[in-house]
Amino acid sequence: MIRLVVALAAEARPLIAHWRMRRTRERPWPVYAGDNLRLVVSGPGAHLSAAATGYLAAHEPPATGDAWVNVGVAGGDAELGASFLIHQVVDAASGVRFYPQFPFPLPGPGARLVTVAQPHAPKPGDPLHDMEGSGFVAVAGRLASAEMVHLLKVVSDNPQHHHRKLKASDLSARVGSATDVLASLMASLDRIGAELEQLAPDTQLEDSFTRGWRMSSSQRHRLRALLLRARALRLTPRPDQYRQCGDAGALLDALQSRLDQSSPL
Amino acid sequence: MISAAYVEEEVRDHPRTRKLLERFPGVPVIPIERYGEVFNRGAQSFRLQKARPAIILARKHGRRVLTAPADYGIGRQRNYYFSHMLNCVYDCRYCFLQGRYRSAHYVWFVNYEEFMADISAQASPDSCFFSGYDCDSLALEPVTGFAESFLDTFADLPAWLELRTKSTQVRGLLDRDPLANVIVAFSFTPGEIARLLEDRVPSVTRRIDAMRRLADHGWPVAVRFDPLILSRDFEARYQRLFAEVFAAVPGGRMHSVCLGAFRLPASYWQRALRLHPDSPLFAAQVQTRNGVVSYPREQETAALAWCHSRLRRYVEKDRIFSLSPEPASAG
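In order, the protein sequences belong to chains A and B.
Following my numbering, the numbering of the first sequence begins with 66 at its first residue and continues without gaps.
Following my numbering, the numbering of the second sequence begins with 6 at its first residue and continues without gaps.
Don't read these hints as lab results, they were simulated from the structure.
Don't be surprised by glycine CBs; every beta carbon is placed ideally from N, CA and C.
Heads up, some of the hints might be wrong.
To be verified - Using C-beta positions, here's what the derived DEER-type ranges look like:
1. A:GLN263 to B:ALA126: 46 to 52 Å
2. B:ARG294 to A:ALA123: 30 to 36 Å
3. A:HIS112 to B:GLY41: 23 to 29 Å
4. A:GLY160 to B:SER125: 34 to 40 Å
5. A:ARG276 to B:GLU38: 50 to 56 Å
6. A:ARG299 to B:GLN275: 42 to 48 Å
7. A:HIS286 to B:HIS313: 33 to 39 Å
8. A:GLN263 to B:THR306: 35 to 41 Å
9. A:GLU91 to B:SER272: 44 to 50 Å
10. A:ALA248 to B:GLU38: 18 to 24 Å
Stated by the list, open to error - A few chain B residues that don't get close to chain A, going by computed Cβ distances all over 10 Å:
11. GLU14
12. PRO20
13. THR158
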């Protein structure tokens, strides 16, 4: 699943329309749902972005392959409407940095992003700046690996065009112009998310065994290791094959014995 | 070949940095303070990054030359290792790097001159320096010019240098006169195992051919059967491999042969297993002894003994070395 974090309703609107999302929650933050897609409107600023990201995770706990994308506008010395994927996020106040990782070809140009507390008019030579990025990555970076946390920023103001002149419709138009880039990014994230999902232990199989035998914590660990090993051997043990095992210890020994008889290479 | 270049401010204007960036003009260049802020941070996937690694250009601070474990060596009294690069272009399932590092990006330390000064300060006639611990010594030679640079230093030193590799990047070595104190050591597993466990690595046949060309040119060459991987038909597979290797370079022309048991620190094993739970390597029967995961002792001892005895048919006993229970190096 892709989870989008967007600061303003005006920025969210074109995404909601493009991906035909519907509102599922109004408070404390508006949440929208689409096909394998969620979107939260955080409000402006790093703190709200961090809080809304956390809320979206708590609202619907993320799976191993879920990706997080902060989409929004930014100021900087760049062409109006140009969209950038961020390869370095710097929190201006603390200096803390985050590096999204790209194990896939970038669907657009990359840029550095500085997150500031107050909007300001970009000067010539300025990097991109926004008000949410560092807050978003502070939380999303704990929920997913750096390959699954990204920021897509569209230039809304530059040294020639002041941010005070921006209207909500301008913000919608800017973000709306980046849906192709976002779609491409989301396709890449879906693909690597699926790869990560495949690496996760088969919890359903584990549960099918733990329902039949009472296990201590260490026995559960051993079960998980044995089931992983079985998977690498292309074996799928079933509980009914081990019905004769009176307790968890006997079950695990029997499983191990079965695996030891198989040669993996 | 590389997805991005992270560049420490300190080496931004280094000639090797400039040369690399000229070679890859379209690559995003991202300034950083220290390589660790990208390379060592948690919550990143070695497996995903391996598909499209970036390069991190950095200066190696602190201890650049380290003492090798006590029983690691190929006949010299004092053994050292150094790493001009962290991580490898290849992706071998048994390699300890995937457990050691959080990131699969290549860290390239461009301050060769400082490495060379440190090496020169410790070099003596009874010393050997190993270069393929955290990376393959030759695989990125066209980019890094590592051997090209360091061979000039070793030409004037009494010490030995081992270049450990699985690559066939030997053109630079063939273009120059061989050095008697530089050993090019090729690592092998049997072809059937290599195809399953060594991703992106040149075939065994191509590696043997590269080794033969170097030997014919006069370079001291060596072979490393490290780690030994147990499998069905273990003896038949290794017997075929030994026959192929020594048909290309007879034992009498081989500098040394090393055998090493498969071993990984338990924490590395766990990380590698999480990255590749489907790999048949991790389905093997293993034991943890003193914090190191390896094959059951009886199997391991039998495999080493069999290989040692079989190798004696090709090589004199004093050229066969068994490596320590440290993790297998990258090359």
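CB of ARG294 (chain B) to CB of ALA123 (chain A), is that within 30 to 36 Å?
43 Å, violated
Would you say the C-beta atoms of HIS286 (chain A) and HIS313 (chain B) sit inside 33 to 39 Å of each other?
37 Å, holds
Mind checking the hinted window 46 to 52 Å against the Cβ distance between GLN263 (chain A) and ALA126 (chain B)?
50 Å, holds
For the pair GLN263 (chain A) and THR306 (chain B), does the Cβ-Cβ distance stay inside 35 to 41 Å?
Since the Cβ atoms of GLN263 (chain A) and THR306 (chain B) sit about 37 Å apart, the hinted range of 35 to 41 Å holds.
For ALA248 (chain A) and GLU38 (chain B), compare the CB-CB distance with the range 18 to 24 Å and indicate the outcome.
35 Å, violated
Please verify that the nearest CB of chain A lies beyond 10 Å from THR158 (chain B)'s CB.
34 Å, holds
Just to be sure I understand the hint, the distance between the Cβ atoms of GLU91 (chain A) and SER272 (chain B) should be within 44 to 50 Å; is that true here?
46 Å, holds
Indicate whether the distance between the beta carbons of ARG299 (chain A) and GLN275 (chain B) respects the range 42 to 48 Å.
22 Å, violated
Kindly confirm whether 23 to 29 Å is satisfied by the beta carbon distance between HIS112 (chain A) and GLY41 (chain B).
28 Å, holds
Please check whether GLY160 (chain A) and SER125 (chain B) have a Cβ separation lying inside 34 to 40 Å.
Distance hint for GLY160 (chain A), SER125 (chain B) holds at roughly 39 Å.
Does GLU14 (chain B) really sit off the interface, with its C-beta more than 10 Å from all C-beta atoms of chain A?
Label holds. Min Cβ-Cβ 13 Å, cutoff 10 Å.
Distance rule for PRO20 (chain B), whose beta carbon must clear each one in chain A by more than 10 Å:
Its Cβ never comes within 10 Å of chain A, the nearest being 25 Å, so this holds.
The structure shown violates the earlier hints numbered 2, 6, 10.
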